[in-house]
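Q: Assemble the complex: chain A is given as a structure, and chains B, C and D must be docked to it using the hints.
Residue numbers (this note's numbering), protein chains in the order written: chain A, 1094 to 1477; chain B, 1094 to 1477; chain C, 1094 to 1477; chain D, 1094 to 1477.
Derived from the structure by calculation, the hints contain no laboratory data. Values in this document were obtained by computation on a predicted structure and should not be read as measured data. Please note that the accuracy of each hint is not assured.
When chains are identical, the list treats them as one kind, so a pair holds in a single copy or across two.
As the list claims (entries may be wrong) - In silico lysine-lysine, DSS-like type, Cα no more than 27 angstroms apart, as pairs: (1) Lys-1292 - Lys-1420; (2) Lys-1421 - Lys-1302; (3) Lys-1292 - Lys-1302; (4) Lys-1383 - Lys-1420.
Listed below are the residues making up each chain.
4 protein chains.
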Amino acid sequence: MLRDRYVEVRNQSAAICSPLQTEDYVVQPVADVSPPKWHLGHSTWFFETFILMPHLIGYQVFDPMYNFVFNSYYESVGARVVRTDRGNLSRPSVEDIYRYRAYVDRHMISFLETTLLDTGLTALVELGLNHEQQHQELLYTDIKYILGHNPLFPIYAGQFDFGQTNPQPNEMVHFGEGVYEIGFRGEGFCFDNELGRHKVYLGSFGISKKLVTNGEYLQFMLAGGYTDFSYWHSEGWDWLRQHGITAPLYWHKIDDRWMYYTLGGLKELQLDEPVCHVSFYEASAFAAWKGMRLPTEAEWEVASGRIDWGQRWEWTDSAYLPYPGFKKETGAIGEYNGKFMVSQMVLRGASVATPQGHSRNTYRNFFHPRHQWQFSGIRLATWS
Amino acid sequence: MLRDRYVEVRNQSAAICSPLQTEDYVVQPVADVSPPKWHLGHSTWFFETFILMPHLIGYQVFDPMYNFVFNSYYESVGARVVRTDRGNLSRPSVEDIYRYRAYVDRHMISFLETTLLDTGLTALVELGLNHEQQHQELLYTDIKYILGHNPLFPIYAGQFDFGQTNPQPNEMVHFGEGVYEIGFRGEGFCFDNELGRHKVYLGSFGISKKLVTNGEYLQFMLAGGYTDFSYWHSEGWDWLRQHGITAPLYWHKIDDRWMYYTLGGLKELQLDEPVCHVSFYEASAFAAWKGMRLPTEAEWEVASGRIDWGQRWEWTDSAYLPYPGFKKETGAIGEYNGKFMVSQMVLRGASVATPQGHSRNTYRNFFHPRHQWQFSGIRLATWS
Amino acid sequence: MLRDRYVEVRNQSAAICSPLQTEDYVVQPVADVSPPKWHLGHSTWFFETFILMPHLIGYQVFDPMYNFVFNSYYESVGARVVRTDRGNLSRPSVEDIYRYRAYVDRHMISFLETTLLDTGLTALVELGLNHEQQHQELLYTDIKYILGHNPLFPIYAGQFDFGQTNPQPNEMVHFGEGVYEIGFRGEGFCFDNELGRHKVYLGSFGISKKLVTNGEYLQFMLAGGYTDFSYWHSEGWDWLRQHGITAPLYWHKIDDRWMYYTLGGLKELQLDEPVCHVSFYEASAFAAWKGMRLPTEAEWEVASGRIDWGQRWEWTDSAYLPYPGFKKETGAIGEYNGKFMVSQMVLRGASVATPQGHSRNTYRNFFHPRHQWQFSGIRLATWS
Amino acid sequence: MLRDRYVEVRNQSAAICSPLQTEDYVVQPVADVSPPKWHLGHSTWFFETFILMPHLIGYQVFDPMYNFVFNSYYESVGARVVRTDRGNLSRPSVEDIYRYRAYVDRHMISFLETTLLDTGLTALVELGLNHEQQHQELLYTDIKYILGHNPLFPIYAGQFDFGQTNPQPNEMVHFGEGVYEIGFRGEGFCFDNELGRHKVYLGSFGISKKLVTNGEYLQFMLAGGYTDFSYWHSEGWDWLRQHGITAPLYWHKIDDRWMYYTLGGLKELQLDEPVCHVSFYEASAFAAWKGMRLPTEAEWEVASGRIDWGQRWEWTDSAYLPYPGFKKETGAIGEYNGKFMVSQMVLRGASVATPQGHSRNTYRNFFHPRHQWQFSGIRLATWS
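Chain A with its partners taken away, still in its complex shape:
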């Protein structure tokens, strides 16, 4: 039932933040990372703005200024705080934001309990919940960035992102050339960018069953991978030199040992875990060093039933572009996906930070090729 699912998803956001101290909710070390309190407010603002305000008669907004503060990028819904300024705002306080959540939740639950929603409205609530789940994953990645860039290396909790290791040997899975179908099919929820199931022609290809491990990546590093431009895109090589990148994010060489910051604190690097927090440039350079390549998103989707996935978002060599027949929705909801379809790369799969029930083999995640802060890893492919 939608009401129960609403409660469950909303509670999960608060649960993710429960180990935080108040100060951790506030900071924004880089523009790509948002303060946790902003995520909590923004996902709430979505329900207030798109469900309660237009559909709940007599609804009073919690605070009219909050639209200004918690609107992320919806140009059609008025002024907003620029992204890089989010970490400059000490108010609303964390307590105020939880009050805001409680207020909106109370009205949403009452609304869901008493109203017969039509299909469009149901879909909109479902979109709001999936939107919140996306921000739950961002909460993990942003909390990791905030704590992992503090010189005190504070511990968030438990053994959250230690990664699991599959003891089975890796192997290449092969697919023959031909016409395949990709894109969402079925009845449940999906984002608009997955729609338009369509045929693609693929040449024969091989794809590895397992993800690249820390140990394999370390070999690349030891072989001089970060100092030989021939493996890199020109843009990646500039990125690497400009920022002095010599390893994945959160890797620290301390007293000659490779340590890795996790949400459970600094630990020794585990060689058999799948490598994490690499940019597209690094993923691509690693593949070139291996004499292989990254899969396309179509290959990945076709192969998804025969590979182990779910621990790392996997960089593909596909740019984030519209599927055939893609059509932006009208209004603010139409700003959800389509306007980002340039200059980003598709990641497929899911990660340890992805909420349960939020992953599908048609899911199209996307980030800029420079981004390391997601739980992103590498899968290899070959042309035949």
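A: Below, chains B, C and D without anything else, positioned relative to chain A:
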């Protein structure tokens, strides 16, 4: 004969520069634009470095410092002047560079006349000539930028880029869904990024026979196209606002009339000419305003026999990515194309500035989506 | 007694912060502003580093990482967080920092109660207390910046910075030419930059008894002061245009009325209050518009007995440079003042935010000419 | 006679440029450096704008667009090319600019030959000539920067800036405390910033007879001067680290020998020459390392009769501020000096690049403390 073709292509570069004054060869108003004298030196350096030095016994380099000055991005061939510094170098002088060209040409001609070239070497010379032709097109675009951003609006020559107008009415050409083949096939020269003729599955699509005109684009502007974010990619909207873009490059509203800077000087905007000097963002926003879209590069290539092309490079909605089976060559030549296969969009066709004999329907040009300074235009497509 | 004074000054810092919410301690909207928790930690670090560590036998540092976090600019005392990164650190938490303060205070009080301090050590403790008082003033200015740049305009407390208005008419006080003496003389504390009482030759000058008011400044604005470059330094004019400055900081024109953000919230601008939060550029332009000038610091000091001062730091037209005979102390304490003696202007007087007992007529405050965020105002002078 | 002096000064500018190739006139490697052709045009524009246009009846401007191109910073005389864009302009060509000079010279000479100039106009022509002489010095410094930053290290001419060495031993000259007078006195030309001869009170001081040599400066370098922050202003230390400064400008360590680029080409560093091309930060750090200081401008002027000066502009520890009674002229001429009186340091003396007859012991040169590209050196002083 290769020797004659060498002479012809090389002379053409000098011919393009002949209307210039010495000062015009030197400046670099923005990083994307290179000084004409740099183009002349760099294309010469290619022959010296890749043909004469390794293959002509006893060859003495003209000046060992020139490798430093004229190497563009070949990381494997030593240090180089960073791109943004090219306009800071008053020396070598234009005269010195022409001497350099004459010296290399003398040796190249003698080499071509007296040596039996194997296939690899022939291909390398051919690559050098195609490389020079690419810089000939850049000479036009960069000269236009240099003169067109001078407050005196100097005239380069003639009626070079006035564009031609086809009086016939436009129409949509339709193609059915199915498996098509794209990629280079045949015997002549092509770049490595065109290779690997392969099958693609296309849904049915429509594509316009003619390019979008200035008049049509002006309607978009008058309809508020530059002030309604809903037509734009998020990144494009930021670009537009940050740089205050309100029209294509070289458009100037003077005394309430739209003027257009051409290499023949400022002239009144011709409404029936194909629009030129738009970025991918602008092309895409225009298409969205029309309720249409840009073609993919595969659609374009499939349709190329039935549309009018050759006056403007046409932005496609395809990112510049490797074709199936793409493999970088080893050594410096391998740096030619592959390392740019991220964050850029493909343009198809050719422009008024493309050298004769340098265009093919499989040619994959590529630029960043923000770029306006190429002779770039818009063709529309529909999903069915 | 030094011990009592220590307790009093230290308590005052906590008292200033008592109206804050935890989140307010954390953020850093611009590089010049430090998070309140950083001020609390840094002033504590001073006592730990310069008193307890070298002089209290057996002292255990509270946390060795805190040197890294709370060192501001003492190059001689090891690594430090760069100034612009202070707002990225959620830890140490506010609670941890208060624990740190309590720990250091306990040891300091015990040390002061049980140790017979020599003159040098007494001076060092006194320096630490004056240092803390400087940060108390910065706490006010930085809290104002943090809250005053929040779209919710939160209230800090009371009527703190409303300014007082002296109903008496203003007048010019005149001084004849001759040799005067300036610089600190006496027995109490002063900073090293005030030392070296010395003779200066001053031409005759006039100086206004009272500060420029909001009403007078508004006349300058209405007369086009911000749009006529002739009143401005070239550098000030660039600053104004680059940042779009059209009024002092914290002035907001809302519904055609000038409002002014104070620590007590937004209030209507009071015309008879002394103008506040102007940069040197603005102070200087205002003076030029009046056909007058800013006083030099020597003139100000000579006149200090006959003018009303203490509400605003007053920009002088003196650069911050060493007095004759100035000598940097050796070691970290020597970094206190001397190394800033370039590119800054002297401000004289004191402000509503200056701690009681912390002001002197020989005090040399200094900031960059662009700074508006201090409680800075304008006094006029004439050449005769 | 003014007409002869006009011809002589104007010819000298062309003489300075005569060894240049056309390309050398065009480039602008950094914002502080202007293309030589701009200097030639700008100094001509001064005469056209301030003499011919208002005072020669019937004068036709050479090209109305030139005001846009050659106006440097006179806000009151209309739009202008921003400083950093000067190097982007290939036109007007060098030839056009010489034509512009000839045109203006012809009219100026005719005007001077046939008109009885009043005092104001005579002063204005004299200001124009001194202005041109300032640009003659900048021509030398900018040409040196342009050629000295070219990887080919081209030779300008002769032994221009080799510096002379005085074999006599250095010594300190001492002055007693008391009231002195500084500022221009007399009948010839001076800039407005030198006016207002006035009394200053100086404590007793010592000043070295000779400038610091390369050999002495090298000792500072070998003693770790560039790696010990204690000698540096905080701002200077940031400058040094940000730009990787480890020596004066134009010093190159090649094959373990210190080489020095001069307008006559690269030569071995001469230890007994006065050090050149140091910033204020470097001059000040050197003095601190010696346990001494830089003189103030008043001390320098008082001592000027008893020290050897004229080879290097000498950084003083005086900020560039108005003399008592300073009053900006009205109109564009008033923009000459006053608006720069913030954030810069005074240099006294003259250099090998200063035109003959252009130096005075009251001359107040000024640059930002970071600047190295002038022929700037170091003189030491002590407090008593």
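Q: Each hint should be assessed against the structure and marked as holding or not.
A: Hint check results:
no.	hint	result
1	Lys-1292 - Lys-1420	both (18 angstroms within a copy, 26 angstroms between copies)
2	Lys-1421 - Lys-1302	between (35 angstroms within a copy, 25 angstroms between copies)
3	Lys-1292 - Lys-1302	both (24 angstroms within a copy, 26 angstroms between copies)
4	Lys-1383 - Lys-1420	between (39 angstroms within a copy, 13 angstroms between copies)
Violation of the numbered hints given earlier is absent; every hint is satisfied by the structure.
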